[in-house]
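Trainee: As a plain string of letters, each chain reads:
Number of protein chains: 2
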Amino acid sequence: MVNKQSVSIIKIGGNIIDNPAELTSFLADFSALEGNTVLVHGGGKSATKLAQSMGLVPQIIDGRRITDAAMLEVVVGVYAGQINKEVVAQLQANGSNAMGFSGADGNLILSEKRNHPTIDFGFVGDVKKVNTSLLSNLLETGITPVFCAITHDGKGQLLNTNADTIASELAIALSSFYDVTLTYCFEKQGVLFDAEDDSSVIEAINPDLYAKLKAEEAIHSGMIPKLDNCFNSLSKGVKQIKIGHHRMLQNKTATYTTITL
Amino acid sequence: MVNKQSVSIIKIGGNIIDNPAELTSFLADFSALEGNTVLVHGGGKSATKLAQSMGLVPQIIDGRRITDAAMLEVVVGVYAGQINKEVVAQLQANGSNAMGFSGADGNLILSEKRNHPTIDFGFVGDVKKVNTSLLSNLLETGITPVFCAITHDGKGQLLNTNADTIASELAIALSSFYDVTLTYCFEKQGVLFDAEDDSSVIEAINPDLYAKLKAEEAIHSGMIPKLDNCFNSLSKGVKQIKIGHHRMLQNKTATYTTITL
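Residue numbers (the UniProt record's numbering), protein chains in the order written: chain Y, 1 to 261; chain B, 1 to 261.
Incorrect hints may appear among the rest.
No copy is singled out in the list; a pair is fine if it fits within one copy or between any two copies.
[What the hints assert, rightly or not] Subject to a maximum C-alpha distance of 30 Å in a straight line, what follows is the list of computed DSS-like cross-link-like pairs (lysine-lysine):
1) K4 / K214
2) K49 / K113
3) K113 / K188
4) K113 / K4
5) K45 / K155
6) K252 / K155
7) K212 / K113
FYI, nobody ran anything at the bench for these hints, they're computed from the structure.
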């Protein structure tokens, strides 16, 4: 069997995006990674701030944010425009041949508008298909793809899409051709036993420990869909998943969480 | 001598961008073009509108719009985000494998910040270098590149750049490898003898006629830099330049202006 090439997919969230110094520090660590790399970035608070400055009122139903047409225009501008191009320009300055994408570009990520029985989420998409051949092609050309959390339905409609999901769907798709490591970078050192204690990082989580921690409510709220996503990705071929602070990318910290099956 | 492949580069301006029905009609005509195609789009009025709704005051010095840091953020969001991704999503729906770019993406268009002896234009860039090999590569993969009027300086700074200039610089660069036709689409049928008479289209302009019309002030203001650009492009290898309404792309009108040396 031929050894597969490897790809590192890194996802960064709002805490890095919202802090220019942190973003620059992350991008330096990211640019120093060797081999094939893919970056997925979330949105941060600037879309909400921009919407407020324009007088738009966020639509929230049952605690869920609704992406109406006006909000979609704002998030497309901020995610695919402002954040994506700022990241790409900085990576280029660092010597990474970055290229920024929404899912519409090259039909790289096709989604379908979420059809929920009771809630109309508006222009929100769930990933249906990754254009793996074009993506592999770009990687082979030495391109570092940088994805924002916007996809399309193939019928001309752009859709707001969860960045964690985009990262895991890209990881799953690329696993057919590459050994994929997926890393979620956020403000903590990893998943914590005790949310109040930053030093209580869980070094490794497997399904048994996950079930136990969920039952004890040590893991709750936002971390649950994130970890569900991780186990789903591992079961579909992703080699390794890590969660922690971006300092781990350059081995500046030995503390982070590894998710395993 | 081996026959070169051909590329059609089409530039559309604000009048098409600002009118959704007109944009959709243009994109249908554009998608039906055969062979290699590249689209360059200007910005239209939405960046100014968004800036106003945010309370930003346009900076104008000596009649020149200045791109300050706040305005740059707005134009990057609108041009590289909202307009670019809307165009790409519609082209994908039409069956064109469109991919949207700023000049930062893949370092496709490197610029330098304009250094004017008396006016500080702010974050405005003049094109220095087109990454022709990557661009040819993308065309050979069947990609239809869609460029917005944002470039970068390679040191991490995004720059607002004239869309007509981007179109002509891409045309000149690709002329080394392809027979390039450059078409400027706008709201008129072509360059007019009499600005008040839409039927007075000049079918062909060469340098002699251009000098004569400038002397008579039949051609003036915005049309002069546009035509200067055209003659410069032709002298640097671009095969053919046309100016007119987008209906000419699908031979729905026989009236347009051809610029020749």
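Trainee: Can you list which hints this structure breaks, lowest number first?
Mentor: The structure conflicts with hints 1, 3, 4, 7, although it agrees with all the remaining ones.
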